[in-house]
Every structure is written in C-alpha cells, then in structure tokens.
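Protein sequence lines correspond, in order, to chains P and H. Per the working numbering, the first sequence starts with residue 1, numbered consecutively. Per the working numbering, the second sequence starts with residue 238, numbered consecutively.
Do not take every clue at face value.
DSS-like mimics (lysine-lysine), calculated; alpha carbons at most 27 Å apart, straight line [claimed, not checked]:
#, chain 1, residue 1, chain 2, residue 2
1, P, Lys148, H, Lys1162
2, H, Lys762, H, Lys290
3, H, Lys450, H, Lys317
4, H, Lys715, H, Lys440
5, H, Lys917, P, Lys112
6, H, Lys578, H, Lys545
7, H, Lys1010, P, Lys112
8, H, Lys849, P, Lys43
9, H, Lys611, H, Lys782
10, H, Lys1197, P, Lys178
11, H, Lys317, P, Lys43
12, P, Lys43, H, Lys1065
13, P, Lys54, H, Lys290
14, H, Lys1010, P, Lys178
15, H, Lys385, P, Lys114
16, H, Lys922, H, Lys1065
17, H, Lys1065, H, Lys849
18, H, Lys891, H, Lys867
19, P, Lys148, H, Lys265
20, H, Lys990, P, Lys43
These aren't lab readings, by the way, just hints derived from the structure by calculation.
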Amino acid sequence: MRQMKRLLDVYVALQALFALSWCFTDADPGPAVGSQSNGERFKIEGRAIVPGVKTQDWVSTARILVEGEEYVGFVKTDGSFAVNDVPSGSYVVEIVSPSFRFDPVRVDITSKGKMRARLVNYIKTSEVLRQPYPLQIRSSGPHTYFMKRETWGWTDFLMNPMVMMMVLPLLIIVLLPKVVNTNDPEMRKEMEQSMNMLNPNPELPDVSEFMTKLFSKGSSKAGGGNKGSRSVALKRR
Amino acid sequence: MAWLVVRLAISVSLFYTASAVFEDQVGKFDWRQQFIGKVRFALFDTHSQASKKLLVATDKNVFASLNSRTGDLFWRHVDKTGPEGHIDALLMYGQDAVVVAGNGRLLRSWETTVGGLKWETVLDTGSFQAAALVGVQDFVKYVAVLKKSAISLHDLSSGSQIWVENLPDSDTVQYQTIYSGGNGLVFVFGVVPNSHIVIVEYKIEDGEIMNKKSVEAAWMSSLESSCTVISSGILLCVDQITQSLYTLLLQSAEQTEMRQIHLQTLDLEVASGFQPVLTSTQPNPAQPPLSEFFLQLSPDHHILLQLKDGLIVPLRDFNPSYLAAFATSGERTVAAVMSPKNDTACSINLFSADTGRRHLDTTIIYHMDPNGGKPNRLYVHAFLKKDDSVGYRVMVQTEDLTLTFLQQPGRVVWMREEALADVVTMEMIDLPFTGTQAELEGEFGKKAAIQDGLLPMVLKRLSSQFILLQAWLAHLWKLFYDARKPRSSVKNEVNIDTLSRDEFNLQKMMVMVTASGKLFGIDSKSGTILWKQYLENIEPNSVFKLIVQRTTAHFPHPPQCTLLIKNKDTGLGNLYVFNPIFGKKSQISVPALPRPVLQTLLLPVIDQDYAKVLLLIDDQYKVTTFPSTKNILQQLQDTASSIFFYLVDSSQGKLSGFRLRKDLSTELIWEVVIPTEVQKIVAVKGKRANEHVHSQGRVMGDRSVLYKYLNPNLLAVITESTDTHHERSFVGIFLIDGVTGRIVHEAVQRKAKGPVHFVHSENWVVYVYWNSKFRRNEFSVLELFEGAELYNSTVFSSLDRPHPPQVLQQSYIFPAPISTLEATLTEKGITSRHLLVGLPSGNILSLPKMFLDPRRPEVVSEQSREENLIPYAPEMPIRDEWFINYNQTVSRVRGIHTAPSGLESTCLVVAYGLDIYQTRVFPSKQFDVLKDDYDYVLISSVLFGLFFATMISKRLAEVKLLNRAWR
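Please model the entire structure based on the sequences and the hints provided.
Right, here's the structure in full:
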C-alpha cells in the first residue's frame, strides 16, 4: 500500500516539476562530475522538520551524514543544521535518526560555491528534480521497523474464503429445499431443464476435480469460492 | 515509471519471504551496549545539587552526557573519525558546554539537558593551542580560543566572533596557554624555547594589546603542564634541571625577571628524568585561581603547596600518592588524593585545599582489579551535604579504560568497560555441558554401546531419565521459588559457575579482543561481562589473531583459545593461551617466536588432547607448530604433502603459495605477481572454515541440476588501482586457487574505487565498491558453477579439475553507503543465506541473498518463475523491516560476527563498532521451532470444541435413533 502511495507521490512530483519547468528554464548545467576543487570549502545548510514532534525529543539522536560518514553535522535545537568544510562536488545528504525517517537529498556544489539540491536518483544520476536549498527536509514519519503479527479474530475466521466456501453451500443445501417447493412436479421439471442447460456437456471436468485444482493453486479467492459452491449445490440436487 | 512497477512487484512477492523483527520480540534475545571510548575530558555538572549529568569527551571523537548515578548515557554525539572530529577542548558553564573540535576548526556550544546543538562557529584555520572561558565582573560571557598565530574571542550565548587578533611574532614565539582572571584582560603566554617567555595582554572589549613583555627564561622549553597561573595573576613555572620554581607577577611593570625559588629550600626534589607537573584550580573563570596548587615530583609523589605573601609554603606532602585532583562545590574547594593502601587497594581521601587538613570520614577504598591496569585519571565530584560538610564521589579511569564511579565508603556505583568501544576481533564459543547433559551424552557414546549388554543399557537409560526428571523438578521448584521473589533480585544471576549450554545452543561465550589489549568474556544472552583480562606489554592497535584450538566438545579437556599478540618492547609475536570460558591463562608452555610471524594456519590435525594444531610461519618461511608433541609431528609428517599455505606481500604485490615438506621446511610452489605500479592488493579472503554447504547444486526450471563450484581452497583477492583519478580508477577481483595458484577468474570494475567490502562463501563472492562515474555504491555478485555435471562428485581436489568453472556475474545499485558486510551462517547450511550490511546510519540490514543472484532474469519466463528467481531490477530495495536492530543503532559499525547455533534456522549475530549489538536472525523464519506467536489458546479451544461437538452430536444421534425406533 505504501508503495502505491509513493508511486502516487512520485507521479505528483513529476507533474509538479513538469509544470515548473514550463515556468523556469534551468540555466545552470550543474557542476562537473566529481570535480575536485582548489581546496575551497563550503557549508551545506538546511532544516529538518518532524511534523508534530517537539525538536528536543529527537535532535539529540539525529545526525547529518554527507556521503556516508565523510562529513558529519549535528542538528541544532531548532531543527536547523549546517555541515561545514565540504569541498565542491556532488553529495548525498542524509539525516539519520533512529526514530524518524528522512529522505536523502543530493546536493551539488560548484567550484565557485553555487549550490543546488535535487532528488536522489541512483538510476538516472544526471536527472535534476529540484529541491529547495537551503534544504528543507521533512520527515516522512516514524520508521516502521516491525512486522505486524498475524492476529486471530472471529471476523478473520468468518471472512476466510475456505470458511465461506463451506458455509455458503451448507446454507444453500439447507435453505433451498425449504424455499422451493420440491413436491411440485412442474417446478421439478423446470429445474431439471435448467440443470441440463447449465451442464450441457457431460464430459466437463468433475466439480471435485475442479475443487482440488483450485486448492492446490492455493490462491483461492472469495469469488472463486462462490462459483464453486453454487455448482456444488446444483450438482447435489 | 516501469522500474517502480517492477519494484512494487518485487516487494509484493517478497512479503512472505523476508524475515523481520516483531514488536514483541524487542529485547527478548537481543541487547545493545553503548560505549564512548577513552575519556579525555570529564566535567561534572555542578550547576545544581540535584544534577546527575557528567559530560565526557573521548578520544573516539564522542561527546556524551552520562547519568552519574547509573552510568547510562543521556545522549551521545558521535563526530567524524580522525583529526577532523578530534575534540580539542571541553569547557562548561551553566547549562552549556563549549567544545572545540577538529584542531580548532569548529567551536560548538551544546545545550546539555536536551543534547542539541545551540550554535556552531567555524574558526579560521590554524593549529589549536588552548581555549578558556573569559569572565567580566563575575559573569562568564566569552570564550577565547588560542591558535598558533591568532587569538579570537567569541560570545558565549550566540557564538559570534567579538574580535580576532594576530599574535605578534608568531613565527618565532610558540604561544601555548591562555589565562583570564576576570579583570577585563586576557593573557596569552608564549615561549621561545631556551630563551624567554612572551606575555601579551589583550583588552576584552576590542582586542587591543594593552601590554606585551618578554621575560628571560633560558631553562624553559615548553609551557604546557610545567607552568600555571595561581592566585591573583602570578605565573608559576617549574623546572626539573635547575630544581626550582619560578614566579612572575603578571601585572607589575617593574618585575622583568622571574623570581627563582629553589626546591631545596622547601626540602623537595624532583625525581630524575621526570617532568614535574603543576596543577592549579580556578573554580570560577571570572575570578582569579586559588593560591594553592599541586606539584607532582615523581609518578607517585604529589605535594600540595600554597603561595602566601610571596612565599611558597608546603601544606601537605603526599608520599606515596598516585593521583591528585581539585574539586569545588559552592565556595569550598577540596583536593582528593589517591594513595596506595596495599597491593590490591588504594584509598582516596579528601583534604581541604586551603589548609591541607584531612576531612574526617571521607575515605573511599578503591579496589584494583587484579586482571586490570593501574588507575591513571581521577575525576572528583564534590557536593555540599545537608550539614554543610563536603561530600564527594570519584570517577577513576584505569590504563585498561575501565571507568569506575565510587562513593563513600568505597561502594562501586557503576562501572563502564570502555575498552569495548574498540573491539578488534572476536569468537563465539559453545558453553560446556552441565553434569546431567554430559551424562546423557555419555550414554549415547559409541564406546558404551559396544561394551555393555542389553540389560545394563536399559538400566542406564532409566537412570538417566530419572536424572532428567530430577533436574526438571529442580528447575520447576526454582521457577516457583523465583516467582515469589521481587523482580529485581532475580535478575543478574548469570554466573560463571552456573553457565551451561542451553537446549539449542543459543547461548554462547563471546570472547572479544580489544585494541587496548584487554580481553573480555561476555555472555551472549544477557551481555554480562563474565571475565576480563588485561594484557600488559601489548602494542596497542596492533593486529591480533584469535584462534580456537579446542572447543568445549572434548570434556574433560578444557576449551582452549590462542591469541597471537605483538609485544610492545620487542615487537615480536607472542602466544597467549587461555580458557575462553573462565578467562584463565593456560599453563601450557608456548613456543618462543624469535621472528615476526607472517601467517598462521589452523590444521584439522588433532593431538591426543584434542587440540588442533597451529602452524606459525615466520619471515624466513620456517614453521613452528603449537602444540609440538611427538604425536603431532608424526601426524604432520604423514600429511605434510597435502598441507599448503599462502602468503601475501601487498607492498610487492606478490601472492605466493607454499607446500609443507616432511621435515617441516617449506617449498615455494607458485607465485602470482600483481604489478604494484598499476594496482595494489587490498584484501585477501578465503572461505570460513566452519561453513557447511548443504546442497551441491541448484535445481533449474527444466529439472536439471546446475552444480556449484565448491572449491574450499579458493581465495578472493581484491585489488585497487594506484591511480585514483575518477576516470581511470578501477577495482579488480581475482579468484585464485590457493593450492595450485591458478587464477580461476578475474574481473575488473572500471571507474570504480574502494573501499571494497566483500564476502566470500559457498560458490559466490559478493563485493561492494563505489562507482565513481555515477557516484553510487554498487553490489556485484560472482557465482561459480561446475555446469550440469560434476567432474568428481566424491572429493574435491584442486590438482585435478580440468574444466574451468562457469562464472556468472551481475551488479546492482545499492542506494546507501556501506560500513561493513557479512553473511549469515547456520549449522548445516540448509537455511537460505542473508547478507548483513552495516550502514553508517547504525542500522544493520538483512538482505536476502536471493536479491544477489546472477541468474535473475531480465525477462520473466516460465522456468525462472519455477525457480523462484526475482526479475532483475537495477536498484536494490531497502526496507525498514529488514533492519534487524530496529532503533538500536550501532554507531560506527566496524565488524559483524556471525556464528551458527544449535538450531538450523537461527544464526547468532554480533555487530561491533563503537557499540556492541547481539541478536539472532532467522533467514528462513523459524521453521524448526514453534513460533513465538503460536496460538495455544486457539488450538486448544478448537480441540475442546470438536470434542464437545462430537459428544453433543452423539447424544443427539442417540435421541434421534430412539425416536425413530418408537415411530
């Protein structure tokens, strides 16, 4: 589900960017790949935001990592940060915190100290999806480290396709004879006719076979169960 | 967009295969211990009486706040390693701590209650000399930082620079210390060695030089530790050669020479060859220091002196005394002195600083650990008691980096083993059996079955069952007994004598070797340190090699570990043999190693005491065996022709293979030279000796078998180019057969650079490098296969393998930086493998090896689906659920150790770096034990439900039958 959401986010971002690119034409081509500077050092600045959480609750455990542990910065009590003494080049800036997740950002610094931030894309590395600079990194929520235990409840049990498959035919077997007056000879004739219409070819695979196949695939769905159960009911009659 | 869809598909398909931690498993079988390293600065928060904060800065570039009541961390900040994160100074005022880091590059102020940064200022370059708080009119407002050629003053509340001034004549004068007494002036002291002292006075407001003078001091070479300022602005120096103290009034214009006071006049003498140390105290930076000071005359002789009316008066002589320190609480300053009591204990006493009188009932007895080092630092926390007397607590740091916090009358409040912040190597060792377990094992021994008849065996069986029953009852009784006791007293029961192997061999002894030369035995279940041993005369930070010669399986022989260490004095290798369960040094005589050892080799040859044989090859290719009994030598002679070993000389780029001759000399049989002008050998790894491979091949989609190339002698050699330009750099990998020297495979990654992390196991090598073209980390996997047929299925021989293996390779993007890499290991190798990736963020990622399979198809076919191959995607997924250590991050993870347990599904993992984290991983989930969440209630309710349903329906059927009979 989260994947879907992310997909959607990316899509929205793409759309937004498309709109943006109409307004601006990106003039500066960005720094040369991995260019080594003449020893000049620059400062990467930004702010980390965790919505709805007080800064003092998380700043003491957060760190700013630039390109692994190449350069390290710390978060101030107001959430802003600065990483000093970074030479020109292209870096992935990451805020690491054991409790909150932040998405990394790529920061490019030209040899003259011009900076820009963009989305990290490891596949199309030259693609530029601009991010604000100074960085504004918003946490996407707490880390979900834990898997959910499969808990057992009555609803799970009842909604289980297997159970549905058992219960429905049972209902049909028990209830149908009561609803329909089987003693009426006309009715019986009609039904026999419909039976023949439903099953015109006697060489069709047997229902039991169909069922086993269905089970062995293991991907039985509620709809399939319904279908199977109806045919069971009809066969029994 | 398309790859996103692929990723989505993969993550959905993997929902069932990936293992993860459940929330209720937290702390059940995992633990973490956090460390800080060797303390360089420690300050107690004396701001308020109730404060529990202890601020420390360490040599690991860690700045932390400890709870002084428990020793736990409030918070910790880990800076960059190396000189750029080095903490030069730590100052504290009120709630704020000021840290100078990176050789005076950064000035940071930390809010100590929250642990957040208040402000950070970048200073000009220049090597750092000193920093001091500067006060004006009883109020500390500024911090002054002295560099080699400049001094700057910064505001304490905002970090803004007030002024910066160049120091006069900084090319000839070495400015070293700084002093301010709260009178609006900052003094900077410099020295021209063996000539004169320079004193410069700066005005605080604008940095104007008020006065500059130079004073003759031909004896002076360095100001540090031999000079200090006492009383209201008097510079005091000590010199060993002239055996004198020198004083100088800072603010008098007329005194142009230092006044000499011979130590003889005070009946004192500095020990020969010892640089005397002066220690003074300035309780409030806005006020001048006290007129009392300590003079250390020899390593174990301190004296408390006082300057009174221009005269120096000895207040108290402490002979012998190891350590002395001042502490202040409120208006009262005290001195704590540690002096030896007897061989195993020291006593610490409190003296009032102004009179030298001993405070009554203030003795703290400090017991020295017989397996530890000597105390070398003393930090004192003084406080005022309710009756206005001074109480105190002390923190003692020893040579082996133990921090002990004591309070009167010698109670150890807490203890930290900071040597564990730097673990070099480790092993996990099975615990011994208990008596009952050994009895049971004995019953199934082969010998017993042959000797005894049927009846004795039955009797034995019954008796052992009875013993088991007894043990179980005792266990039940203990459980019952413990349940009645309060929780706290039940804990911490792990004891070295009660240690025994558990049912599934999940609890083991972790033997850890640290860089400082201290060995630890840690219980893997609870993390309790069960034994420790400090090895003196060890070169710190040298390479250690830990070898398990005999495991616990050979009762009654004790297990035996051997550590190869480097002696500090001789620089030669040395063997230290010990029992890994109890930590005791073994009495076995070890061979002397007169030459440096190049290589060690543990052979599967076993002597009559079941110890494996260790071969040590020295730089003249001579072989030393340990143990070297006749039996061993005989066995070695028989098997010599099949013993090969290799040596690596990375400086010459040479790999050479040797064979052992019958007379234990060696013979060169192959040599591979990798030219050092182009590339250098970075690492060489074989496979782990205790690794098992369960399946010989892989079943393909068409039901044929692809056999793995399982060469136990295969070495993976990683090279890096000497040219580091990002266009021309490359990483090379060679797979070389260690017996024949044949290069089995060779691969080069262009536009790549190190550091390379790699794992070599089974038939695969996984390595990570930095792609300098695309600026990303990439994983590459090499898998070797024999093909559809095995050449010789019974035995593998390197000498008889005519067909080269098929090599498959695939690379992937890894979207994060990497610190270390290891693979899981299980008892029989049936469980699927995972790679454990240590990330700089402190998380440990458990990545299924399934993702690193060079047979992942680009186009999904029926066959690949049958084989469960994941379609190829360039980017490796990282999911939060795959972090095995959830929020228990391991700072600066340097190594991951994996060990099999008695359960096939379970692999024990220890990650070490600055912290230590121990856990268990289940790469294929727990298939051999009932899960934690096994629903006993459901299964029993269903059973009972069915039971009652049959009862009821039986009854109903009877009634119905009866009714029908009546009809």
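Kindly indicate which numbered hints from before are broken by the structure, ordering the numbers from low to high.
2, 3, 4, 5, 6, 8, 12, 14, 15, 18
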